[in-house]
Amino acid sequence: MPESQSAHRSSILIDRALRAVGRLERVPHTLLALPLRLAVATVFWNSAMTKLADWNAALELFREDYRLPLLPPEVAAYLAVSIELTTPVLLVLGLATRPVAVVLLGMTTVIEVFVYPQAWPTHIQWAAMLLVLLCRGAGKWSLDYWLYRRFSSRPASRV
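Residues in the sequence shown are numbered from 2 upward in steps of one, following the working numbering.
Simulated from the structure, these hints should not be mistaken for laboratory data.
A portion of the hints provided could be inaccurate.
Unchecked claim - Label-pair restraints from in silico Cβ distances: (1) VAL22 / ARG155: 28 to 36 angstroms; (2) LEU86 / ASP66: 33 to 41 angstroms; (3) THR123 / SER154: 21 to 29 angstroms; (4) VAL111 / LEU39: 22 to 30 angstroms.
We put the beta carbon where it would ideally sit given N, CA and C, even for glycine.
Work out the full structure: start from the sequences and follow the hints.
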């Protein structure tokens, strides 16, 4: 194949790749935020359900394995399950998404530092999803967006 044809084909492939990237960059945040909210909600909801399925075993984990500093094991267990029950509901509804993201980033940090440091590949995925929600919000398919539009005089493009 002559060099000019090869260069032309390369140019066509590069142009197609750039157009594909352009289309991906136009995907609305709302379309991305909903699955992020649902994914994070599922992780923490399932954790709560596991604890509640055998509360005595959960308490034992907090007493013997987790050993969080500053908090008695029973308090830590109740606090953890309370967060794991309430924040997923708020995420699914898209209500108080940014504060919820901050709370869950804090909880993820505690889990990473004190409980399961070897599970950092999982925790960094949770943190990445939560950081997107913290920085960009819940998207238009959320109560946050509806409430902002209802009660604010400013445009709701960043909710």
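Comparing the hints with the structure gives:
no., hint, result
1, VAL22 / ARG155: 28 to 36 angstroms, "31 angstroms, holds"
2, LEU86 / ASP66: 33 to 41 angstroms, "21 angstroms, violated"
3, THR123 / SER154: 21 to 29 angstroms, "42 angstroms, violated"
4, VAL111 / LEU39: 22 to 30 angstroms, "23 angstroms, holds"
Consistency with the previously given hints fails for numbers 2, 3, ordered from lowest to highest.
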